[in-house]
Amino acid sequence: MANLKELSHKPEHLAGGHRLCAGCGAPIVVRQVLMAADDPVVISNATGCLEVGTSIYPFTSWRVPWIHSAFENSAATISGVEAMYQSLRAQGKIPADKKIKFIAFGGDGGTYDIGLQSLSGALERGHDFVYICYDNGAYMNTGIQRSSSTPLGANTTTTPVGKVKQGKEQQRKDLAVIAAAHDIPYVAQASPAYWKDLIRKVKKALETPGACFLNITAPCHRGWRSKPEETVMLAKLAVTTCYWPLYEIENRKVKINFKPKEKIELTKWLERQGRFKHLFKPENAHIIEKLQKHVDDDWDRLQRMEKLDTIKL
Amino acid sequence: MSDESKSYKVLPIGGLIPKAGSSHDYNTGTWRSSRPVHNKDNCINCLFCWIYCPDSSVIVEDEKFSHFDYDHCKGCGICQFECPTKVKAITMESEDKYR
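As you go down the protein sequences, you meet chains F and R in turn.
Just so we're on the same page, the numbering used here is the position in the first sequence counted from 1, plus 922.
Just so we're on the same page, the numbering used here is the position in the second sequence counted from 1, plus 4.
It is worth saying that the hints were derived from the structure and are not from the lab.
Here the structure is a predicted model, which is why all the values come from computation and not from measurement.
Hints are supplied without guarantee of correctness; some may be wrong.
[As the list claims (entries may be wrong)] One-sided and incomplete, this derived list gives chain F residues near chain R with beta-carbon spacing under 10 Å:
| id | residue |
| --- | --- |
| 1 | His940 |
| 2 | Gly945 |
| 3 | Gly1132 |
| 4 | Pro1150 |
| 5 | His1200 |
[What the hints assert, rightly or not] Take a look, some chain R residues computed to stay more than 12 Å from chain F by CB distance:
| id | residue |
| --- | --- |
| 6 | Lys13 |
| 7 | Lys23 |
| 8 | Ser37 |
| 9 | Val41 |
| 10 | Cys50 |
| 11 | Ser61 |
| 12 | Asp66 |
| 13 | Lys68 |
| 14 | Asp73 |
| 15 | Asp75 |
| 16 | Thr89 |
| 17 | Val91 |
| 18 | Lys101 |
For glycine and all other residues, C-beta sits at the position ideal for the given N, C-alpha and C.
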């Protein structure tokens, strides 16, 4: 596995000058993902912050072929590109030894919600591609509306905190497990704070034939109401509190890639984010308890799954 | 910088942008209210600043920190925050000093 000094020789595939916010988590994820690719890559991108921020006409930040068609069909678009590549190779129009990799990017809105059916279809058909969800936990691009990735209790513009409601009332949907239920060869969760783990996982996903899915946390300080400089720190805390465990499911076998020596209380992650400010009022203590219990239960479940020789979700 | 003055006849069909990475020509450095400043003496070249930079604005040459790309750095401060040395090799300074 390459260290940072070796990685620094890689070409920079994402140019500066994109219009994503200062301290945005998404481009950190993208830079690390593109560092993992040794072969030429083709990217498809769902509508979202990443797409909008990197392609304001007449500029593009991408130094690799990149296509955007709509919000809901990043996975369908890359399916078509991949199928065309397979066809042209079979016809001899692309040399048989010319390897090209296919990556689809989507935010949590374009993946958990709007793009779920096209993602499910592409996973089921088994196209040879990697889907990467950069998950910032709400529709940040349009002004912080809740998504099915938003954690319980978070204050968003569609789950506002007032006299009656105290933020989102549902827990986050576990998309990695939903992807794994398609019985695809490789599913993983990663965090840009753990760059070595992230790059290794992307490499593995790119090398694995068939459809692979990666869910990567990408803190958004505008939506999370956190400090811009704390983006990477929050991506790390998400892991050490076990809110965002680093694990992979390879051919039905679960492996946890990082087990914190001491599991940090979830409040340490919550208190750095203004979207959870109201939870620290005494009358909302039960919401924090509920969130903590959900995280604890998921962590226990994951550890139990790891002990099994094989799982079928 | 902008193609506003060009007619549709000379623009590529379908909104294609033929020049890869052309956002490099767009200066987001103007967004900055404070800038990271590098102190070579404290730097251990761990390159954490480089791997965590959202704006590809930490330039590394020969496996060592070379300089900040102030044309694109937005001054988020992640590099300063993540700098692991006891006395930080990166400090944030108000942009006013440089105007």
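Quick rundown of the hints versus the structure:
The beta carbon of His940(F) is positioned within 10 Å of a beta carbon in chain R (closest approach about 5 Å), and the interface hint is therefore held. Taking 10 Å as the C-beta contact cut-off toward chain R, the hint placing Gly945(F) at the interface holds, the least distance being around 3 Å. Here the hint on Gly1132(F) is broken, as its CB sits about 29 Å from the closest CB of chain R, past 10 Å. Nearest Cβ of chain R to the Cβ of Pro1150(F): about 4 Å, under the 10 Å cut. The hint holds.
Below 10 Å, beta-carbon pairs count as interface contacts, and His1200(F) has none with chain R, the closest being about 26 Å; its hint is therefore violated. With a least CB separation of 15 Å from chain F, Lys13(R) remains clear of the 12 Å interface cut-off, as annotated. The non-interface label for Lys23(R) is inconsistent with chain F: the shortest C-beta to C-beta separation is roughly 8 Å, within 12 Å. The claim that Ser37(R) lies off the interface is violated: its Cβ sits roughly 9 Å from the closest Cβ of chain F, which falls inside the 12 Å cut-off.
With 12 Å as the threshold on Cβ separation, the claim that Val41(R) sits away from chain F holds: the shortest Cβ distance comes to roughly 15 Å. Some Cβ of chain F comes within 12 Å of the Cβ of Cys50(R); the nearest lies about 7 Å off, and the non-interface call is violated. Look at Ser61(R): its CB is around 5 Å from the nearest CB on chain F, not clear of 12 Å, so calling it non-interface is violated. At the 12 Å boundary, the C-beta of Asp66(R) falls inside the reach of chain F, the nearest C-beta of that chain being 9 Å off.
Not every beta carbon of chain F lies more than 12 Å from that of Lys68(R), the smallest distance being close to 9 Å; the non-interface claim is violated. With a closest Cβ-Cβ approach of about 6 Å to chain F, Asp73(R) is found to fall inside the 12 Å limit, against its non-interface label. At roughly 7 Å from the closest C-beta of chain F, the C-beta of Asp75(R) falls inside 12 Å, breaking its exclusion from the interface. Distance check on Thr89(R): its Cβ is at least 15 Å (rounded) from any Cβ of chain F, clearing the 12 Å threshold; non-interface status holds.
With a least CB separation of 18 Å from chain F, Val91(R) remains clear of the 12 Å interface cut-off, as annotated. For Lys101(R), the condition that its CB be more than 12 Å from all CB atoms of chain F holds, with the nearest at approximately 19 Å.
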